[in-house]
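K.L.:
Given the coordinates of chain F, work out where chain C should sit on it, guided by the hints.
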Amino acid sequence: MVSLEMNDIQALILSGHNHLAQVAYYFLQIGDRAKAKRWLGTLSDQIATARHRQKDETKPDTALHIAFTASGLRAIGLPEDDLHAFQWEFTNGMSAPARARILGDTGESSPDKWEWGSPAGKPVHVLLILYAKDIPTLEAACKEQEQAFANGGLILVAREQAHPRTDMKEPFGFRDSIAQPNVEGGHRTASEEPPARAGEFILGYLNEYDFIPFSPEVNAESDPQGVLPMSAAHAGRKDLGRNGTYVVVRKLRQDVEGFWKYCEDQTRKPDGTPDAERRVWLASKMVGRWPSGTSLVQSPDKDDSKFSDDPRRINRFLYMPTDPNGFKCPIGSHVRRSNPRDSLPPDSQESLNASSHHRLLRRGAPYQAANAATGKTEQGLIFVALNADLRRQFEFCQQSWINDEHFNGLYNTEDPIAGDSDGTSTFMVPGPGVRQTFTGYQRFVHTRAGAYFFMPGIKALKYLAG
Amino acid sequence: MVQYALNIIVPVRKDQVAALKKLLDSIGRKPNSNPHIRFVDMKTVHFMRWVVLDNDLRYAPVLACETNYDGPFDAHIADLVRCGAQGLDLIYSHCEGYPAGAGKDAAAFQKFVEAHAPPTLAFHIAYRGHSVQNVRNDARIRDEIQKFLDQRGAGSFKKLSATQIHAEIRKHLATVPGLDLTPYPDTTASRNLKEKVVTTALLIAALVLLPVLIPWAILLRLKELHDDEHPGKPLPDQHLAELIGNEDHVVQNQLTHLVDIKPGLFRLVTLRLVLWAINVLAKYKFNQGSLGGIPTIHFARWLILDNKRLLFFSNFDGTWENYLGDFIDKASKGLTGVWSNSVGFPKTLLLVFRGALNEQLFKLWTRDHQIHTQVWYSAHPRDSVQNVLNSIPIRDQVNRNLSEEEARAWLVRLGL
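Chains as they are written, first to last, in the numbering used here: chain F, 1 to 466; chain C, 467 to 882.
Bound conformation, chain F alone (with noise of 0.2 Å):
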């Protein structure tokens, strides 16, 4: 069993702070180097650590995160060459048009669009987290913190607040967060689940392919205090991304109307009036489970509690023994799709193995807010991913599972949920006989900002503030 530097290991990459029940999002711009690096320095002793979560006992009532972008690097004073060794995908950005074009981000989701992290707006160098226990915490916590991050120079560019349900659902209606992968060495769930290796989730140890994944590393004379650690994998350098994950921040609107008077439409009895439960049966064959959580190859033709109930079973299931042909769990929905389990070619050993190599740990929560040109109220998800490879693991499954229309044998669509259906998709509903197909539709989740990061270790941050 691998060993993991827990006091090094921002908590979030082995937690999701499920007892703190609200957080903020803070995205900011550096506006004066050194000043700065003096706000990090005091900063990088309050960030909470894999440490503390596992020691405490008594749950502290906050948490802090940080984590930076690659022109907050940059700006904070990394050379232009140490950047060069982080991932192309963080260096080129988020917003850039050929990550655009793999990440589905076009039309009314273009980068151009976003409310922040888009090319032409202020840039984003900085996220903060706060996690709080409830909202008078999280405010008492977030006005220090404004009041700490002024002073230091940073330049406050948006602010996000979200926080999870109580019925742990988003916000179509379905239960979230189910199939969250464990994490080698990592705190104990519920879930008998075997653990991913540490190494798909964070730089320094041995990913599911037995290697230590790349790692960004600089010139050992930059480390004059020896702060960073030897690189293991070349001499004369200083591992900086050691106990580091890259950060995938995503503002996802979710058109909640518009999915469900979708399948209310499509779903109308002869005379015309609306039927209740083949509505929820039709957003449920688009989702591949049902609202509260059961997948439909354990409950094919009704939602059962019984199986969401059980955290043994809500996700114990594979889909070739009993649903080959997507009778029950259609191969297009999304969550046969964002986690295809053993249902790819050319056989179900293959798949799981396949399937293991692109996991992301999620620690995402959902948002309400009035939005500021219509008035109304919107809805979605603060969409946060971890991982340690940003191109096998996030980019991979938006582009090759959620918005690859031919994904595992189909012919036109995409994800019904999460992908960027532009209105030409077919929908299709296999069961005995002739298939039911369902057309017209176009994106439900909308992304409205978003920006990659890199989420150090405590010793990188020390570097960092110099």
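Rather than coming from a laboratory, the hints here were simulated on the basis of the structure. These numbers come from a predicted model, not from an experiment. Certain hints may be false.
Label pairs and their calculated CB-CB ranges [to be verified]:
no.: 1; chain 1: F; residue 1: Gly258; chain 2: C; residue 2: Pro649; range: 39 to 47 Å
no.: 2; chain 1: F; residue 1: Pro324; chain 2: C; residue 2: Ile670; range: 37 to 45 Å
no.: 3; chain 1: C; residue 1: Asp652; chain 2: F; residue 2: Gln442; range: 40 to 48 Å
Keeping only pairs whose Cα atoms sit at most 25 Å apart, straight-line, the calculated DMTMM-like set for lysine to aspartate or glutamate is [stated by the list, open to error]:
no.: 4; chain 1: F; residue 1: Lys59; chain 2: F; residue 2: Asp167
no.: 5; chain 1: C; residue 1: Lys751; chain 2: F; residue 2: Asp347
no.: 6; chain 1: C; residue 1: Lys799; chain 2: F; residue 2: Asp347
no.: 7; chain 1: C; residue 1: Lys625; chain 2: F; residue 2: Asp112
no.: 8; chain 1: C; residue 1: Lys624; chain 2: F; residue 2: Glu264
no.: 9; chain 1: C; residue 1: Lys613; chain 2: F; residue 2: Glu264
no.: 10; chain 1: F; residue 1: Lys37; chain 2: F; residue 2: Glu80
no.: 11; chain 1: C; residue 1: Lys813; chain 2: F; residue 2: Glu208
no.: 12; chain 1: C; residue 1: Lys624; chain 2: F; residue 2: Asp167
no.: 13; chain 1: C; residue 1: Lys749; chain 2: F; residue 2: Glu184
no.: 14; chain 1: C; residue 1: Lys699; chain 2: F; residue 2: Asp82
no.: 15; chain 1: C; residue 1: Lys613; chain 2: F; residue 2: Asp134
no.: 16; chain 1: C; residue 1: Lys751; chain 2: F; residue 2: Glu350
no.: 17; chain 1: C; residue 1: Lys625; chain 2: F; residue 2: Asp301
no.: 18; chain 1: F; residue 1: Lys122; chain 2: F; residue 2: Glu80
no.: 19; chain 1: C; residue 1: Lys624; chain 2: F; residue 2: Asp265
no.: 20; chain 1: F; residue 1: Lys261; chain 2: C; residue 2: Asp616
no.: 21; chain 1: C; residue 1: Lys813; chain 2: F; residue 2: Asp210
no.: 22; chain 1: F; residue 1: Lys122; chain 2: F; residue 2: Asp82
no.: 23; chain 1: C; residue 1: Lys799; chain 2: F; residue 2: Asp255
no.: 24; chain 1: C; residue 1: Lys799; chain 2: F; residue 2: Asp265
no.: 25; chain 1: C; residue 1: Lys813; chain 2: F; residue 2: Glu217
no.: 26; chain 1: C; residue 1: Lys749; chain 2: F; residue 2: Glu350
Ideal placement from N, C-alpha and C gives every residue a C-beta, glycine not left out.
P.N.:
This is chain C only, laid out in the frame that chain F set:
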């Protein structure tokens, strides 16, 4: 009908490299509407590309062309000349030894091609024996059926058995003009026989090589211990930006990859032997869709340039990342067996082990030797390999009499 791989490798006149690349880039930006080559009128071509190989200053620049075509050869040449005449003249006027006006004369062009056509050493075809016309026809049949089912509505078939639904669909298709609905001839028996023959052939080859196997393995291991692998240094932004800017515009993607073979006869002979074995396997064993378990490669080939460099062309579905992931997860031994004989490949153990399993280094090495392809054309850009292979039995069984069970399985194919 048999598909073939044609290579045309021609030296580019030194002062013409930039002009040629500019011309090809202009064609490549809009292959279907460019004024020089009427790709869409071609009847014999599945995939085709032109790429200038000039990234390594130690070698004279060459223009490489690959076509994946339906035979016979002379009909293919006539097809190229028919749809390309002036364009071929324009392109090859930048090259050495091109007889002026050959693009308008099939015989002259054929002679030129034959003088510059190094052999393909290993060739993979996902849908062996299926012509461009068949692929397009079968896709249309599948689309027609979907349209018919949607017009009638799934509900209207509820009370019918699978064979009754099949009969309704057949009746409808008979009224649609221009579809070829004849069933395909059954080739299972000859395929099985070929597979047996090939297994025997490979076994005999292995027996013949047995006496040299142990000395060869010792020599190989010694070399492996001293070979350098790619240093893992990040690639220039510009190189990645050019390659990635070119990718993911359609369902399919392409890869051109060129790398030095490790010096010495040992590696060259080993490589040729591995490619021979892969070619035999590709032809007789993995000949129904997948290359060693990878279900997304339409056509792929390896050839050797001047006994020095290994050139790889691939036409595949989906993303580069998915493709390379499949290489590693499903076919790492075979591919490592090939590329371990080339410079900078991640460290291997006894030719086929490790190597590509060093995932990040393997991907970095691949990108490092990947070349920007100027012109790339696909005759059926909206069909994935899995689509093509699914549409074949859909068409095949329209005019067969199916049992209830067979008809149900046939209907499942329409649910994708």
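K.L.:
For each hint, tell me whether it holds in the structure or not.
P.N.:
Now the hints, each set against the structure:
1. Between Gly258/F and Pro649/C the Cβ separation comes to about 45 Å, which falls inside the hinted range of 39 to 47 Å.
2. For Pro324/F and Ile670/C, the Cβ-Cβ distance of about 39 Å falls inside the hinted range of 37 to 45 Å, so the restraint holds.
3. Hint check: Asp652/C to Gln442/F, Cβ distance near 45 Å, so the stated range 40 to 48 Å holds.
4. The hinted pair formed by Lys59/F and Asp167/F meets the criterion: a straight-line CA distance of about 22 Å does not exceed 25 Å.
5. The suggested pairing of Lys751/C with Asp347/F holds, with an alpha-carbon distance near 17 Å, which does not exceed 25 Å.
6. Of the pairs offered as hints, the one joining Lys799/C and Asp347/F holds, with about 18 Å between alpha carbons and a cut-off of 25 Å not exceeded.
7. With a CA separation close to 52 Å, the supplied pair Lys625/C and Asp112/F exceeds the 25 Å bound.
8. Of the supplied pair hints, the one linking Lys624/C and Glu264/F holds, its CA atoms being roughly 22 Å apart against a limit of 25 Å.
9. Distance hint between Lys613/C and Glu264/F is fulfilled; the C-alpha atoms sit about 24 Å from each other, no more than 25 Å.
10. For the given pair, Lys37/F sits about 18 Å from Glu80/F by alpha-carbon distance, which is consistent with the 25 Å threshold.
11. Our distance criterion of 25 Å between C-alpha atoms is met by Lys813/C and Glu208/F, whose separation comes to about 18 Å.
12. The straight-line distance between the Cα atoms of Lys624/C and Asp167/F is roughly 38 Å, outside the 25 Å bound, and the hint therefore fails.
13. The straight-line distance between the Cα atoms of Lys749/C and Glu184/F is roughly 43 Å, outside the 25 Å bound, and the hint therefore fails.
14. Using a Cα cut-off of 25 Å, the hinted pair Lys699/C and Asp82/F holds, with the two alpha carbons roughly 12 Å apart.
15. Annotation: proposed proximity of Lys613/C to Asp134/F is violated, straight-line Cα distance about 55 Å (limit 25 Å).
16. With a C-alpha separation of about 19 Å, the suggested pairing of Lys751/C with Glu350/F holds against the 25 Å cut-off.
17. A threshold of 25 Å between alpha carbons decides the hint, and for Lys625/C with Asp301/F the separation of about 20 Å falls inside it, so the pair holds.
18. Between the alpha carbons of Lys122/F and Glu80/F the distance comes to roughly 21 Å, so the proposed pair stays at or under 25 Å and holds.
19. Under the criterion of a C-alpha separation no larger than 25 Å, the hint pairing Lys624/C with Asp265/F is consistent with the structure, at around 21 Å.
20. Straight-line distance between C-alpha atoms of Lys261/F and Asp616/C comes to about 21 Å, which keeps the hinted pair within the 25 Å bound.
21. Simply put, Lys813/C and Asp210/F have alpha-carbon atoms about 14 Å apart, close enough for the 25 Å limit, and the pair holds.
22. Proximity of Lys122/F to Asp82/F is assessed by CA-CA distance (about 24 Å); at most 25 Å being required, the pair is judged to hold.
23. Restraint check for Lys799/C and Asp255/F: the C-alpha separation of about 47 Å exceeds 25 Å, so the hint is violated.
24. About 52 Å separates the Cα atoms of Lys799/C and Asp265/F, which puts this hinted pair outside 25 Å; it is violated.
25. In summary, the hint linking Lys813/C to Glu217/F is supported, as the alpha carbons are separated by about 22 Å, within the 25 Å threshold.
26. This hinted pair checks out: Lys749/C and Glu350/F have alpha carbons roughly 23 Å apart, not beyond 25 Å.
The earlier numbered hints that this structure contradicts are 7, 12, 13, 15, 23, 24.
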